[in-house]
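If you want the building blocks of each chain, they are given just below.
Protein chains: 2
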Amino acid sequence: MRGPVTGDPLDRSRFPVDPWALRERRYEAADLGTTETLFSVGNGYLGLRGNVEEGRDSYAHGTFINGFHETWPIRHAEEAFGFAKVGQTIVNAPDAKIMRLYVDDEPLLLSVADLEEYERSLDFRSGVLTRELVWRTPSGKRVHLRSRRMVSLAERHLAVMDYEITLLDADAPIAVSCQLLNRQDGQDEYHVKDAAMGSGFDPRRAANLSGRVLQPSVAWEGDGRTVLGYRVATSGMTLAVAADHSIETTDAHEELTSVEDDLAKHVFRISGTRGTTTRITKVVSYHTSRGVPAVELVDRCRRTLDRVRDTGIEPVLQEQRAWLDDFWARSDVEIGGEANAALQQAVRWNLFQLIQASARAEGAGIPAKGVTGSGYDGHYFWDTEIYVLPFLTYTSPSFARNALRFRHTMLDHARARAKELNQHGALYPWRTINGEEASAYYAAGTAQYHIDADISHALTQYVTATGDTAFLGREAIDILVETARLWADLGFWRETAGAGEVFHIHGVTGPDEYTAVVNDNLFTNVMARANLRSAVRHLRALQERDGEAYARVLTRLELDEAEIDELSRVAEGMHVPFDDNLGIHPQDDDFLSKEIWDLANTPPDKRPLLLNYHPLVIYRHQVLKQADVVLALFLQGDEFTLEEKLANFEYYDPLTTGDSTLSAVVQSIIAAEVGYGELAEGYFTSAVYVDLADLHRNADAGVHVASLGGVWNALVSGFGGMRDYRGSWTFDPRLPADWESLTYRLTLGGAV
Amino acid sequence: MRGPVTGDPLDRSRFPVDPWALRERRYEAADLGTTETLFSVGNGYLGLRGNVEEGRDSYAHGTFINGFHETWPIRHAEEAFGFAKVGQTIVNAPDAKIMRLYVDDEPLLLSVADLEEYERSLDFRSGVLTRELVWRTPSGKRVHLRSRRMVSLAERHLAVMDYEITLLDADAPIAVSCQLLNRQDGQDEYHVKDAAMGSGFDPRRAANLSGRVLQPSVAWEGDGRTVLGYRVATSGMTLAVAADHSIETTDAHEELTSVEDDLAKHVFRISGTRGTTTRITKVVSYHTSRGVPAVELVDRCRRTLDRVRDTGIEPVLQEQRAWLDDFWARSDVEIGGEANAALQQAVRWNLFQLIQASARAEGAGIPAKGVTGSGYDGHYFWDTEIYVLPFLTYTSPSFARNALRFRHTMLDHARARAKELNQHGALYPWRTINGEEASAYYAAGTAQYHIDADISHALTQYVTATGDTAFLGREAIDILVETARLWADLGFWRETAGAGEVFHIHGVTGPDEYTAVVNDNLFTNVMARANLRSAVRHLRALQERDGEAYARVLTRLELDEAEIDELSRVAEGMHVPFDDNLGIHPQDDDFLSKEIWDLANTPPDKRPLLLNYHPLVIYRHQVLKQADVVLALFLQGDEFTLEEKLANFEYYDPLTTGDSTLSAVVQSIIAAEVGYGELAEGYFTSAVYVDLADLHRNADAGVHVASLGGVWNALVSGFGGMRDYRGSWTFDPRLPADWESLTYRLTLGGAV
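Chains as they are written, first to last, in our numbering: chain A, 362 to 1113; chain B, 362 to 1113.
No lab work stands behind these hints: they were computed from the structure. Take these hints with a grain of salt, some might be off.
Remember, identical chains collapse to one label, so a pair may be satisfied in a single copy or spanning two.
Below, computed lysine-lysine pairings styled on BS3-like, alpha-carbon distance capped at 30 Å [as the list claims (entries may be wrong)]:
1. Lys780 / Lys967
2. Lys626 / Lys502
3. Lys502 / Lys967
Can you make the complete structure from the sequences, with help from the hints?
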């Protein structure tokens, strides 16, 4: 196991403790990639990385719109039947963050600027990113600058930003160039440097697209408004972005506008006088679609902008504050005790980024990096259901419902994929944007059939917590039944000595990707069993509640009583392997017969293992990328005794590298349950700081959304001891010694 | 199991029985791809597909030089550490076969020509491909044509061809355009149609190269000689081809020569008169190199051609005949009985193509398609060692030695690859041309570690049969030791109830590619044990024979007595799984616990399975692409009782699809041994006609070299009952009922 982090890993002279904001007091160019991620603002639909207003220096420019992607044919070096065909990559949307500043015609460039004061702050209650600094220009004039940036949580398509400039010493000409810049295809192309990655590749990062991606279809300006519209070359998606510009100043000024295919500029030239504060405001709207012509999207942008033009941005800021007040009132987690202020800040940053990743995803999933980076190509994984949805279900159930409805829209794709894989029912893609399997390495992708059970788990949890049986009966039951069908067809019955006929599931990969394509993966079998049981239970409940609706479901799904009985029989016949000698559950049939990886003697420069060893070498050993059995102990906790949990944790924990950020939070939860309090704290710290302290050295590619969600789980279910088993909620808190209290809020019952 | 073929599958009105030739009496365009393969001529270095002299119609033009390849970076859709990096693809060398004929300016085009007579014949004793036909031109003039083509077995770099033209009815202008044409990059580009393949891909075929591959560096003509020279763009290999042209006629004629980068033409224009026979001769030489400038290769071509210019082609034809007389004297296999003439012909075609694939390979391996096609990219696999080398070892040991020396030249590459895969010793690439692993799908490639044991097996067999201990001590022992080291490091000891410490090998793929990455694959373990034992045995023998040489080997390999003892201990501790219930050897640890594939209910349009099911679906079931345990029963036959062989055969045979052509020959051998005589015959027929009757519908991509070699094995070891176990040869023949006799020849003892 990777040694859990202890203590506060942040440099507090640079990032002072503040329970309600992430603040930065010193500009540093060395870790731009990370801080761009940390200071991202977004709403789950639109995300703006924390790039500086000036447009440079930058590590990775990023403006991401959830689900706005390009497709490309996956070329396999060696092709085989059923391999994923359609690659999907999130597109870097035109950059509207740019407000370049010139004083005496000299550009502000933070990396070389003489800064007398500097602070950047992301406020968790106002939802605004603010930068304030005093710049001493090359000619010695001091300029006070304050800029703000916000993506509206209340208005899905809206972002606002402003820039205040005050000359402190002397008059000077000022220019501010407000731009919309297509970086995806322009010269200033988006590019993640991978200097940190020695081995020259990193499968966790995004594939590059080649050729022009955004094809210009609209370029327009007038009345201080600039507009660009595009069509994505192959996927056919469309986008429009529009910006309104305004100025408040007593100084003389002029405005110039120009628009080209990849660049719209609105420039303010001000004859700045000492002491005068000039304020420039830029209001931006993005609209995207799967195929509506961009000109129509321009109309939508116009409507969004017109509303703000009428009122100014103050109401927008107030609305944001109110939205977040509401959010914190139902979602905050408080750790009691003065000594825990730093941790409190980290926890709130996690929760704030979590809601920024998910609030307005709506017709889309929640990407592994939210809308803060292009890591993992902007794809949706099981991260959403297992790591993020518990938080949404228990604090913002309507957002959880949206995420589950999105899976329902993908059901036909999942049915087709099951068929292609020779199975009945539905098989959800391991990674996707548009519903098609995009995992090019099936052993750690398509083979993770457990995605079906994960979705069903989240769905069951949502329905149980909210009582939203209407959604269940109308749509969601289809997911439960089709995934249950997959399991019944995928596995098979085999006579087992002493146990009669037992149901086995072969040839699957569990959550732990350091073992692939195995038989009877414990996690998969246990989760599949729960999937099957949930389908049967909810069918029976529906039958009792509303016979007509039940009949409609049977018809819609071509389902009959015999098949429902069979699903039940499969669930109860499911093989759950157990090793009597060790008193533990083998991760799979073969796991315990493998050679044990010598982690103690694996040098740090050989970590993470996936970047330093051939999969064959890794798969041959007992070594885990991430919790697998231990995750089952949490999600299906009432299926295991405490003694089993303890034995399993003690066996697997030392074999777990934590090379995945999905691991520490789970290890923390079970460590807390089985009595390893210090370990629980250590893993929790590793999770809560994974991005803030860049512990996995890839925060530059975006926040780790699963870890953000896992942090909430670790707080509520780990230290907070909350468990929910089919409508019964229990609480058995195990607080760290120096936590005076832990307060969390849950929303239960009451369908949304 | 695929039903074995019974009876004679050839249309004898078109392909008449002839024990010493393959003859074709009717031209057909429908199966051009197959007949181009069947009528190929080659010598293991140079191969010319049976394309018509006219250059069209053609299914796949092909001129292949063993090992002459281009490289390209393998792009994996999802990259991982240690994945193969360097793609290698055999290049279609400039085509020297072309002698286009025009009478009255009308081109001969067989697919539309009015043919009064037609016969094509590949003679196994003269080694010459002859075509003879009478063409009635559009204007009604009949022309008698006879052409011959031969690749010299005695002169590695030489091919000769001639064309005789006789106007039977009337005078007419005749033109013959003799060409050297770069088809790899020209407009008339080589392209295998894949109409037969419904699913749009076939991993058994070659990857395509894009961009110009052959970069022109020489283009010259003079004195009836044309020369072209090239450098391969990325691999840097070089090639020169030169042709001499001469004419014998009493008719008036002129000659015109032109040379461009991709085309050299030497045209004869003849004022043809009725009754006169005009003969045009083209003598061609190819030289290739890993990097010598093409101009230097031109000199080599010149020397080869000058020798023939002095003597004419008659001595070349005689030399060919003498070479083949010698070959048949030591290699022929005769099946007694009039009724078996057709089978006799098929057997000889197999042996003839086998020697055409291997005789002059020399510094190269023996590609899976010989030099008859670009299937499998021209790569070398284990096919050479397991399927072809027994034939060479027992009939042409010096060719076997060349093939094994080629593996020795790759040893450093294999050492580097072992290191990359985290192991000591040497790991040979599953598929390669230049020594680097080129298998882009590791589960059915790199994971086939058994390649190491296969090479050692062939080496051991060669040394035992020939007594060539000099080669062993000087070079080959290094292979035995380095591969043995790989096994000792790859596996591990585990306490096993009742058996003490047992040695296990995990995470490998056996010969059967319908199961991948398993633990304790029986074939691998048994072959690895033999590998380890052979290394120790030959070290000990060397120590006894020549203490100084032994000491040199220890120094060279940094080997000591303790390590040799450890190799021995590993061999004797090797786990050989056995299932007491079934009385059989499980193919691997998990095999018997899998669901059984329902082959009986798998429709023909879903065969072969690999083109119709995702690997995950196939791997999940008990179903075999090819013999696995059953192959071990043959290669390590003295390690199994007859009872075990019978039980294993009866268990695995019904599960074996035979989707690989490497399977039938092995099934035939063991069927013969365990008493399934009819099955043995059926499998043998399936193998001997695999190309002749295009049973796998991919003969167009080239001959199946492993099957060619397997046919000899099935004759000699199957029906002939020959076994060789460490220097003891036994013979226990089991002839089919209607075979009056079976005669085969072996060369034993006497180092080459």
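Alpha-carbon proximity context of Lys626 and Lys502, limit 30 Å | Within one copy only: 27 Å inside, 79 Å across.
Is it within, between, both or neither when you check Lys502 against Lys967 at 30 Å Cα-Cα?
-> neither (51 Å within a copy, 78 Å between copies)
Is it within a copy, between copies, both, or neither that the alpha carbon of Lys780 lies no farther than 30 Å from that of Lys967?
-> between (40 Å within a copy, 14 Å between copies)
Consistency note: the structure conflicts with earlier hint 3 alone.
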